[in-house]
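Residues per chain are reported as follows:
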Amino acid sequence: MTNQSRPISPHLTVYRWPITMTLSILHRATGAALSLGFVAMALWLISAASGSAAYADFTDLLDNLFGKVLLIGWSFSFFFHLANGVRHLFWDVGLGLEKSQANTSAWFVLVLTFGLTAAYWLI
Amino acid sequence: MNLRSPLSHVLGSGSAKDGTEHFWGQRLSALALLVLGLWFVIALWRIESLQYLDLIHWLRLPFNSVSLIFLCLTLAYHSKLGIQVIVEDYVGGAFIKVTAIILSNFAHLFVALAAVFSILKIAFGAQE
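Sequence order for the protein chains is A and B.
Position one of the first sequence corresponds to residue 0 (numbering that gives the first Met the number 0), numbered consecutively onward.
Position one of the second sequence corresponds to residue 0 (numbering that gives the first Met the number 0), numbered consecutively onward.
Simulated from the structure, these hints should not be mistaken for laboratory data.
One or more hints might be untrue.
Label-pair ranges, simulated between beta-carbon atoms [unchecked claim]:
1. A:13 x B:69: 42 to 50 Å
2. B:27 x A:8: 35 to 43 Å
3. B:112 x A:14: 39 to 47 Å
4. B:120 x A:60: 16 to 24 Å
5. B:101 x A:98: 33 to 41 Å
6. A:15 x B:62: 44 to 52 Å
7. B:48 x A:5: 53 to 61 Å
Just so we're clear, the structure is a prediction, and the values are computed from it rather than from any experiment.
Think of the CB as a built atom: it goes at the ideal place given N, C-alpha and C, for glycine as much as any other residue.
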């Protein structure tokens, strides 16, 4: 079905990215990241079910800069995917589909995401 | 001489006429996760600490264990549907695409079972 290695002209690197396009791929990316986060959450629960020693070993794995980056990344992904997901649900019932509305809600989602992530970690 | 009739070659082509359950399931689980997910992150935010004993005591409250089981099952379902769409979009070739989706489904089920098992083990256990 697919023709491999036919050349295509550059597009993603050439034309300006609409904000809606950015949020769309971010929604997919954060979704995939959250799927990995679910695996991590299951491992966390398994370690807790295996006793205090196993749990301490697991939390020690995340008790460094990389672990902090992962956790902040997952919380950012969560808040973004949640906010943009609500935006999708509005679209599903037919609301907010005008280009101007979609652009406005896009910025709203971004502000909300950064705000919630910051509030979550700083408060 | 092919044993198949010309009609049999053509039948099955065209629209898949399938996908409504996926669409609806994704939206329904999204709504549930809206509530459950927010509950979970807020609960984690407010919990005394994430030390072993505090976590165990929090998990042993029936409302928390049941809600967390609900969250894990819904999360696995929503994630399974989402990953399927990603695989369908990017993984080429019918055989590897179907294989990837089957593996993803099995993996999601396994992770969900592991998570639920762990929650129950903690909730029913007496050890400290």
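What hints, given by number in increasing order, does this structure fail? The structure conflicts with no hint, since it agrees with every one listed earlier.
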